[in-house]
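Enquirer: Mapping of the sequence shown onto my numbering: residues 116 to 184, in sequence order.
If you're looking for bench data, these hints aren't it; they were derived computationally from the structure.
Each hint should be verified, as a subset may be incorrect.
Between beta-carbon pairs, the in silico distance windows are [to be verified]:
id, residue 1, residue 2, range
1, 143, 172, 15 to 21 Å
2, 152, 117, 42 to 48 Å
3, 177, 154, 14 to 20 Å
4, 157, 127, 31 to 37 Å
5, 168, 119, 36 to 42 Å
Where is the CB? At the ideal position from N, CA and C, for every residue including glycine.
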Amino acid sequence: MTLTIDVDLPADLARFRLPTAVACRLQGLLDRQDAGHPLSAEERAEAEGLADLADLLTLLRLRAERARS
């Protein structure tokens, strides 16, 4: 089964990015983890959720760019 959803795209594709403060939070969590400091379960869940959201926004931005071409 395929589901198709029509969405009005904003004129400003930059809106398909994490807000700066949210991106900084994600980067901070990832940097701590990379430095060998384990994240708590809550922080790990937060980082995973933010990374998933960033991936989704990137996908939407790329699809929107392709649709405009």
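Enquirer: In ascending order, which of the hints set out earlier in this document are inconsistent with the structure?
Expert: 3 and 5
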